[in-house]
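Trainee: As you go down the protein sequences, you meet chains X and L in turn.
Each step along the first sequence adds one to the number in the working numbering, with nothing skipped, and position 201 is 351.
Each step along the second sequence adds one to the number in the working numbering, with nothing skipped, and position 27 is 1422.
Just so you know, these hints were derived from the structure itself, not from any lab.
Glycine residues also receive a C-beta, built at the ideal position from the N, C-alpha and C atoms.
Do not rely on the hints blindly, as some may be mistaken.
Claimed, not checked - Derived, one-sided and incomplete: chain L residues facing chain X with beta-carbon distance under 7 Å:
(1) Glu1404
(2) Ile1405
(3) Leu1407
(4) Ile1409
(5) Arg1411
(6) Thr1416
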Amino acid sequence: MREVLEGSHAVSEAVRLAKVQVMSAYPITPQTHIVEALSEYCADGRMDARFICVESEHSAMAAVIGAASGGVRTFTASSSQGLALMHELLHWASGARLPIVMAEVNRALGPGWNIWMDQSDSLAQRDTGWIQLYCEDGQEVLDTTLLAYRLAESLNLPVMVVLDAFFLSHTYEPVDVPDQESVDAFLPPFVPRICLDTKNPQAISQMAPPPVYMEMRHNIQLAMERVPETFEGIEKEFQGIFGRSYGAVEAVQCEDADIILILAGTAVSTCRHVISELRAKGEKAGLLKLKMFRPFPKKEMRELLGNAKKIAVIDRNFSFGASGIFAQEIRAALYNSDKRPPVFGYITGLGGRDVTPEILEDIYRMTKEKAEPERESVWVGLQHN
Amino acid sequence: MKEQQKTKEIPLYISRSEISTEGNRTGFWRFVRPGYDEKTAPCSRACPAGEDIARIEMLAGRGMYMAAWETILRENPFPAVCGRVCFHPCERACNRQELDGAVSVNRLERFIGDMAIAEAYALPHPFYGDDRESDRRSAVGKRIAIAGSGPAGLSAAYFLTRLGHQCFVFEAEKEPGGVLRWGIPRYRLPEDILKTEISRILDMGVEIFCGQPLTQDFTDRGKGDFDAVFLACGYGQSLSLHIPGEEYAQDGLQFLHSVRSGKETEIQGTALVIGGGNTAIDVARTLIRLGAEVKILYRRRRQDMPAFAHEVGMAAEEGLEIMELLSPLRIQADKEGYVTEVQKMKVSDMQGRDGRCRSVPDEGKRQNLRASHIFTAIGAEAEQPWFLPPKGTGDILELPFCTFRKGERPLLYGGDLTTTVKSAADAIASGKAAAMALDTCFREGYEAIAEKLEQCRIGDGNSLSMEIYLSGERGKRSGQTVSFGEINTDYFSGMQRRQPRILSPEDRAGDFSETEKSFDRETALAEASRCFNCGICNDCDNCRLFCPEVAIFIDGTRCINYDYCKGCGICVEECPRNAMSLEEEKI
Chain X
151 MREVLEGSHA
161 VSEAVRLAKV
171 QVMSAYPITP
181 QTHIVEALSE
191 YCADGRMDAR
201 FICVESEHSA
211 MAAVIGAASG
221 GVRTFTASSS
231 QGLALMHELL
241 HWASGARLPI
251 VMAEVNRALG
261 PGWNIWMDQS
271 DSLAQRDTGW
281 IQLYCEDGQE
291 VLDTTLLAYR
301 LAESLNLPVM
311 VVLDAFFLSH
321 TYEPVDVPDQ
331 ESVDAFLPPF
341 VPRICLDTKN
351 PQAISQMAPP
361 PVYMEMRHNI
371 QLAMERVPET
381 FEGIEKEFQG
391 IFGRSYGAVE
401 AVQCEDADII
411 LILAGTAVST
421 CRHVISELRA
431 KGEKAGLLKL
441 KMFRPFPKKE
451 MRELLGNAKK
461 IAVIDRNFSF
471 GASGIFAQEI
481 RAALYNSDKR
491 PPVFGYITGL
501 GGRDVTPEIL
511 EDIYRMTKEK
521 AEPERESVWV
531 GLQHN
Chain L
1396 MKEQQKTKEI
1406 PLYISRSEIS
1416 TEGNRTGFWR
1426 FVRPGYDEKT
1436 APCSRACPAG
1446 EDIARIEMLA
1456 GRGMYMAAWE
1466 TILRENPFPA
1476 VCGRVCFHPC
1486 ERACNRQELD
1496 GAVSVNRLER
1506 FIGDMAIAEA
1516 YALPHPFYGD
1526 DRESDRRSAV
1536 GKRIAIAGSG
1546 PAGLSAAYFL
1556 TRLGHQCFVF
1566 EAEKEPGGVL
1576 RWGIPRYRLP
1586 EDILKTEISR
1596 ILDMGVEIFC
1606 GQPLTQDFTD
1616 RGKGDFDAVF
1626 LACGYGQSLS
1636 LHIPGEEYAQ
1646 DGLQFLHSVR
1656 SGKETEIQGT
1666 ALVIGGGNTA
1676 IDVARTLIRL
1686 GAEVKILYRR
1696 RRQDMPAFAH
1706 EVGMAAEEGL
1716 EIMELLSPLR
1726 IQADKEGYVT
1736 EVQKMKVSDM
1746 QGRDGRCRSV
1756 PDEGKRQNLR
1766 ASHIFTAIGA
1776 EAEQPWFLPP
1786 KGTGDILELP
1796 FCTFRKGERP
1806 LLYGGDLTTT
1816 VKSAADAIAS
1826 GKAAAMALDT
1836 CFREGYEAIA
1846 EKLEQCRIGD
1856 GNSLSMEIYL
1866 SGERGKRSGQ
1876 TVSFGEINTD
1886 YFSGMQRRQP
1896 RILSPEDRAG
1906 DFSETEKSFD
1916 RETALAEASR
1926 CFNCGICNDC
1936 DNCRLFCPEV
1946 AIFIDGTRCI
1956 NYDYCKGCGI
1966 CVEECPRNAM
1976 SLEEEKI
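Next comes chain X alone, as it looks inside the complex (with noise of 0.2 Å):
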């Protein structure tokens, strides 16, 4: 059924049709709707769910890492200072390979103090085993969360999927909300291939000392590789009862461009419009949208980005010292590739600042008028210094 719903309540709701048995999260701002829709349903009984108040998103992890470690499908949701400090349990769910599922909200980190979209809280977890969605809309904010329980429970990996503050969290868009039995018929109860029991206790995550920690890394590794594969097979699947998919990356008019335009989230909804504006003026622009950072798809984007003349990449995060992080990636993706047109790394839109269409043609303009980047990260829009 259609219905107007705010994001946050996209991912209430799929997580209701997912039928989740646990959940635990601690409110942070711009998240928090998503669990207070998920308390309430817990309280009247539209879910047959416990949901696990704690005193901090540390504890929510914790929680939910003992609940996926009796077997029973889970959730949480955070966002920012929050993310930052579930850090250490972040490492431990991918590690004891527990395949909870986590929204994740964008939101910049502090100081100074802001609660507006930044991508810099999820990609600062990008090392710690989880793979990373990304959406762009309130459909695709419903549609992820159903994959990434197939997606994690397939290969007992813990899946983020990841929303724009505000921009996606806070506005109403139309969204279909599949009947339960479509989900129960895409997403069958959860069988866990590892669970604790009381009956025949063992023990679990227990000292691994360095004849064995290596080959455990490799297996995460391993199951990570074997995420693209999967990603395609569950989306196939998807698209056959829900008409809908989306790939791990998305081309618009990549075949014949001449600058292709990277970027996740909302802002890709407008550069599709630029790119529209630009073609119609004559211009051979693309856009390539990344939805899972990862694993990162090197493979997608070797194949779809050898053959145009540049590359921008927008990146509405830095990493200090560095540069953008996706410029970082897809650097890294092409380096050992035989076709690596240069990469062009702009940053902007941070702290909730509008990436608006100027600002994207702009980028354009740039990127054609010069042959090579001159710096690593261009800061467009900047106001002062």
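Position chain L relative to chain X; hints supplied.
Mentor: Relative to chain X, chain L alone:
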């Protein structure tokens, strides 16, 4: 040990033991030992009748009203009566008052008592144990004569019958009930409620003979017929004012009696009631209902009145005027009525023996008060000196709430005659104490009485428990009384104390309908669930859920597997109500 899982060929190499960890007996690490250790709730310690209030509210909070009622009956045969007239010291002891207000124990008792009447619950039989236990008891049953059918006499009859004895109650009035029937006004205790609770006692086989005033030869009468005598004939004699003209004043107690007999139906004009106790308030509120304009004359301040503040407040709402710090000097009659000369009093710095400030005459300040009727209610005493236990004889054993006189056959004194506080609950306690003392005397001899009753005390208080006397589960509890500091208040969020519906002052002024309504089911459930259930396990299961070793399991009841309990103490800490304890492990 590690294992490689290859389910569906998903790379899943994690650290997990292949064998059970049960071989690792972590219990060896323990140096403190947690255990289930039920304790005494402060309310039950404060209840003269020793009711197991924490358990009663636990059951009521689950909607198990019959079980709650049966739990009251173990210690008190008058739930619906006490739910109305008791001065509920339990609520003043309630730990919850430090959080958001005491649990409304008294109103809940009334609700449970009324529910039993409305649903016609039958008395449990046998009360404890099995039929063999009751057969064994009645086989050695004795015949007991009881003087007085007030709360003390009837309670003695109730408990003695339960203990296998046969009771015969002698009552001076034409109906049983004593002060409950003749002293307490109908708007506080409707007649049908009292009758129903008395009829349950009669149904157990107690015989009551009415219209049998007590004579001095009573204790000798029927020698051979009775094996013991219990005197519980109350305080029937009002204290005298000792002022000139006191004959113009009517006795408050007798007035209440004649109203309850239906003899007084209307009183016009102004009435002056002398006194500050509960009887004075009962007289005043009764007069208001009969149409009089009423003032109370009290020699101390309003806050010094021994009457329950709640009753004084209700009376004031109904239009009672309280004239404090006035002491009557003389009463004179003229053709328009009576004139009382009163002395103005003032509060002195001195404290009386009871800890209250003494009031002394404010010299020279006198005034005259005119009234159509004058009533006195300044206290009462035993009607005859021989109602009371003799002093200074060697065969007297003073017990909690009653006095035991050894002799050719035991003679016990109880009720108002021996209790410190003259209340219905204390009278019930007295009947219970007398029953225990007699039963012990018959079974184990006179010498065993004092120690036996000592064993039946609730915590370190004075109240006695019949359940403990009969070796019920309650006897296993520790005597330690749970304090507020021992409650884990993280588990309790603020929830206001519920109030019953009360008739408006206008509605109750000209009417003897019951002033307060019973709780409805929903309110009773919510109020009962406010109870912390101090010191007793209510199956909240926190201990089991929190145990990090999964060392707590349910096998009928909760058990701790000491092979694995490391003694971390989390279960004890997370028990919201101090029903567990930690003790040092003996090495």
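Trainee: State for each hint whether it applies.
Mentor: Comparing the hints with the structure gives:
{"no.": "1", "hint": "Glu1404", "verdict": "9 Å, violated"}
{"no.": "2", "hint": "Ile1405", "verdict": "6 Å, holds"}
{"no.": "3", "hint": "Leu1407", "verdict": "5 Å, holds"}
{"no.": "4", "hint": "Ile1409", "verdict": "6 Å, holds"}
{"no.": "5", "hint": "Arg1411", "verdict": "5 Å, holds"}
{"no.": "6", "hint": "Thr1416", "verdict": "5 Å, holds"}
Checked against the numbered hints above, the structure violates only hint 1.
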